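Chains as they are written, first to last, in our numbering: chain A, 25 to 234; chain B, -1 to 99.
Calculated directly from the structure, the hints in this document are not laboratory data. Some clues are possibly wrong.
Computed spacing ranges between beta-carbons, pair by pair [unchecked claim]: (1) A:P42 with B:M96: 43 to 49 Å; (2) A:S49 with B:W70: 34 to 40 Å; (3) A:M40 with B:V21: 28 to 34 Å; (4) A:M40 with B:R36: 27 to 33 Å; (5) B:R7 with A:C63: 32 to 38 Å; (6) A:L137 with B:L80: 50 to 56 Å; (7) A:T39 with B:V21: 47 to 53 Å; (8) B:N84 with A:P80: 17 to 23 Å.
Covered stretches of chain B (chain A as the covering partner; in silico rule of three or more C-beta atoms under 8 Å from a C-beta of chain A) [to be verified]: (9) 13 to 21; (10) 27 to 34; (11) 49 to 60; (12) 72 to 81.
From a predicted model like this one, the values you see are computed outputs, not experimental measurements. Every residue, glycine too, gets a C-beta built ideally from N, C-alpha and C.
What follows is each chain in one-letter form.
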Amino acid sequence: MSESDHSMALGHSATMEPSPYAIPSRKLAMWLFILSDSCTFGALLFAYGYLRTGSPDWPTPFKFFPSIFNVIIMTFVLITSSLTMLGAVDASKAGDKSKTARWMGITIALGTLFAILHIREWIGMIHEGVRLFQNPWGSPLFGASFFGITGLHLLHVISGVIAMAVVARGYLRGSLNAGHVESTALYWHFVDLVWMFVVPLVYLMSIARS
Amino acid sequence: MENVPNAPRGITPYLPVYIGLLVLSGAQIFIAYSHLDRNRMLAAFLGVALLSAALAIMYFMHMAQERRSFFWSLIPATIFVLLMMNMIWSDSFRLLHMKPF
């Protein structure tokens, strides 16, 4: 029996500690997850830099069409989805369920579009002969690092889209509240933030130059 | 924005940050096709990415509206961990210059 259950059993309400930093525990937990996840992505990007620096024949395969153009669209879509998620947070705080559903629906659609564009990029790379441990251009580690970093980010995007769908459904049914929408939004902004590092380090540093 | 005081209403207050992020992303594309050497290009990319991240954290994630103690408890420790990862570089340069061992 927990301390609060014990207190309830004794017939008096549990004494609650004040919330640390004056924020809900849910939000603090999400921030702690985000910071630990940023260290995961940081470690992956540092490992990418390590491999790249230590490999004299690192490939630079990304042409403006289709890769960089695709990345520009993906970046625009992801940043825009962060803005629409802010709309959902604001509407949920105001208690406007239909507006919250609309903004979250747009964000889910944009997240799905991002994932489709990302998978299209992957298919293009695979058609060019890139595999986890081989490629036609140079260091065989290129494929593993490219698919590893972008794959983890894509996994975050897909997880975020699923989480947003679940939270939107729960919010509309009344089982979840505006705090849940906000915590999901924090996660989604983090996914956007990581992309701002993945694009220059993985794609733009490896542009094909004639 | 649960328990966030003075939080702005609607998406309009966020539009300057949104446009700023788009401009910074455009700047990264511009830098990529400029004729900077690789080291300067990397430094420019990281500078722009850090600025974008700061904008996203402070305004989209509302860190600017939280208590200062919240910021100081979380962000410096994370930056410290990420900076400590820089110890790998000497070994990666060794890999490059000592080939074929």
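Now the hints, each set against the structure:
The given range of 43 to 49 Å is broken by P42 (chain A) and M96 (chain B), whose C-beta atoms sit roughly 57 Å from each other. The supplied range of 34 to 40 Å is broken by S49 (chain A) and W70 (chain B), whose beta-carbon atoms lie about 19 Å from each other. A beta carbon spacing of about 45 Å between M40 (chain A) and V21 (chain B) contradicts the range 28 to 34 Å that was offered as a hint. The hint said 27 to 33 Å for the Cβ distance between M40 (chain A) and R36 (chain B), and at roughly 55 Å that hint is violated.
In this structure, R7 (chain B) and C63 (chain A) meet the distance hint of 32 to 38 Å, their C-beta atoms being roughly 34 Å apart. Checked against the hint of 50 to 56 Å, the C-beta distance between L137 (chain A) and L80 (chain B) comes to roughly 30 Å, which is inconsistent with it. Taking the beta carbon of each, T39 (chain A) and V21 (chain B) are about 50 Å apart, inside 47 to 53 Å as hinted. For N84 (chain B) and P80 (chain A), the Cβ-Cβ distance of about 21 Å falls inside the hinted range of 17 to 23 Å, so the restraint holds.
With a cut-off of 8 Å between beta carbons, the segment 13 to 21 of chain B has 4 residues touching chain A; three or more are needed, and the interface restraint holds. Note: the segment 27 to 34 of chain B has 4 residues with beta-carbon separation from chain A under 8 Å; the three-residue rule is met and the coverage holds. Figure legend: the segment 49 to 60 of chain B, annotated as covered by chain A; annotation consistent (6 residues with Cβ-Cβ distances under 8 Å, at least 3 required). With 5 residues having a Cβ less than 8 Å from any Cβ of chain A, the segment 72 to 81 of chain B passes the three-residue criterion, so the hint holds.
The earlier numbered hints that this structure contradicts are 1, 2, 3, 4 and 6.
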